[in-house]
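Engineer: If you want the building blocks of each chain, they are given just below.
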Amino acid sequence: MNRTTRIVWAREAFAMSCSPAVYTALTAFFALCAGLFFAALQIGEGTFWSLPALWILSVALPLPLLAILVTMPLFAGERAAGTLQQLMILPVAVGRVIVGKFLAAYGTVLLGILGAVVPWLFLSRGLAGKLPPLAALAAALVMLGLHGLSWTALGVLCSVLARRPWAAAIGTLLLGGGAILAWAALSRLFLGGHLQAPAFPLVTELLDAAAGRLALHSLVLHLSLSSWCLFVSRHLLETRR
Amino acid sequence: MLEVRNVEKRYAGRLALQDVSLEVLAGEIRVVVGPNGAGKSTLLGIVAGVLRAGAGQVLVGGVDAAGARADLVRRQMAFLPENCPLYNDLRVEEHLAYRGKLKGLARKRLRARLRSVMESCGVEPFRRQLAGRLSLGQRTRVGLADALLTEPRLLVLDEPFAGLDPEQAERICVLLAGCSRHGTVLLATHRMDLAARLGPRCTALYRGRLVATLDTQSDGPPLAERLQALWRACAADAEGTA
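Going line by line, the protein sequences match chains L and Z.
Once you know that position 22 of the first sequence is 16 in our numbering, the rest is easy, because the numbers rise by one and skip nothing.
Every position in the second sequence, counted from 1, becomes a number in our numbering once 7 is added.
Extracted from the complex, chain L is given alone in its bound form (with noise of 0.2 angstroms):
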């Protein structure tokens, strides 16, 4: 890791673990993720959806909501306090900070997912033997951090834009549901007359991954959608200054 992108990374690290707002919102994330799983235990009980199908669900449901609470005063909290000015006359790679940001953001919103296996330890008494195989859980987890990647990044992205941290929180939801319904529009439109396009490719893959099947395509979409964000968060950045 290059010394600015570690410096930067430490001190917003140093800062989440420090915010009450932090501790709040993945206080409420894996509120929300218990919740949300236990209600869909009883709704889906003898349903054709599997447990991991439930839980996966569960979790990646909450998942945009932590995300947007931990990237949305990255910049444009610095921004409203004044201090991004400053960082930005400094000889400073703006590339590289932004990098050092994204990580510490990133490394939170994994922590709430792992976080969210807890609900298997408790289920693991209950249902011996019955529980899915590893690799299931496996792949969930790893299209939960996909979805992580995502979400994180366009954060990070609104954040760059926005003036006030409430304003990037909007502006996430707002441009992460815009990319969702774009992206099912898309599906339908050119594989709709081919293949049994799925009705919403998000929750397909989030399925798929539950039932243990990773798709490359899925894995390209959410790091270049993520790369691209980061590129232009730069690039903004870069002609600000």
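Among the hints, a few may not be true.
[Said to hold, decoys possible] Not the full set, but computed from the structure, chain Z residues with beta-carbon under 7 angstroms of chain L:
#1 G56
#2 V57
#3 F86
#4 E89
#5 K108
#6 L109
[What the hints assert, rightly or not] DEER-style ranges, computed between Cβ atoms:
#7 L:I174 x Z:A33: 56 to 64 angstroms
#8 L:H229 x Z:N90: 27 to 35 angstroms
#9 Z:G185 x L:L104: 28 to 36 angstroms
Think of the hints as simulated: they come from the structure by calculation, not from any bench.
From the three backbone atoms N, C-alpha and C, an ideal C-beta is built for every residue, glycine too.
Fit chain Z to the given chain L structure using the hints.
Structural biologist: Frame of chain L; chain Z shown alone:
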């Protein structure tokens, strides 16, 4: 060391700076004075690279501050803005250490510089306090310590005496005089008593225009009186033009 050429800046169509040119020699302390809204902070912001000029050029050591070699200028310059933003969740020494690391100071040198600037700027007594709990005067001192960390060749200070008591202001004056030995200082202030002592010349701005460059140590009426007369003349001139 510093050359400002025909700089112009507009805010939403309104001219904030109009055709301002000035030259500051190496080792000089140049004070920029002017009533509120004269364009002092805008001029300093453009020199520091925080704001972009609509027209004109800023050269630091012959290098265009907004050009391809802007990073070279950033390495030689430090800026203290008027409101002095700090990382409020960090303790003073943590804030300074973070800034020093970003400025590229190696661990050993950073430790030595931290000790030195905290001592010279009077930050030592509150170095363990959270930056968010400091008074305006204390924030200004921390901002100044931050600016001095790398011993910059060009120091740009916007209201460095804001919130300081007379004793601290005096201390900062002595410190700036010392800084001019290895660098150039461009500062804006409303404190005429200190402006007269700091540098041999001061630049007067009025409504975005450079109206005069005064000799601060000349015989005759004090600088404050001369400036009052100048502002009156400018105001009368502006009314006459209107």
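Engineer: Go through the numbered hints given earlier and state which of them the structure violates, listing their numbers in rising order.
Structural biologist: Violated: hints 4, 9.
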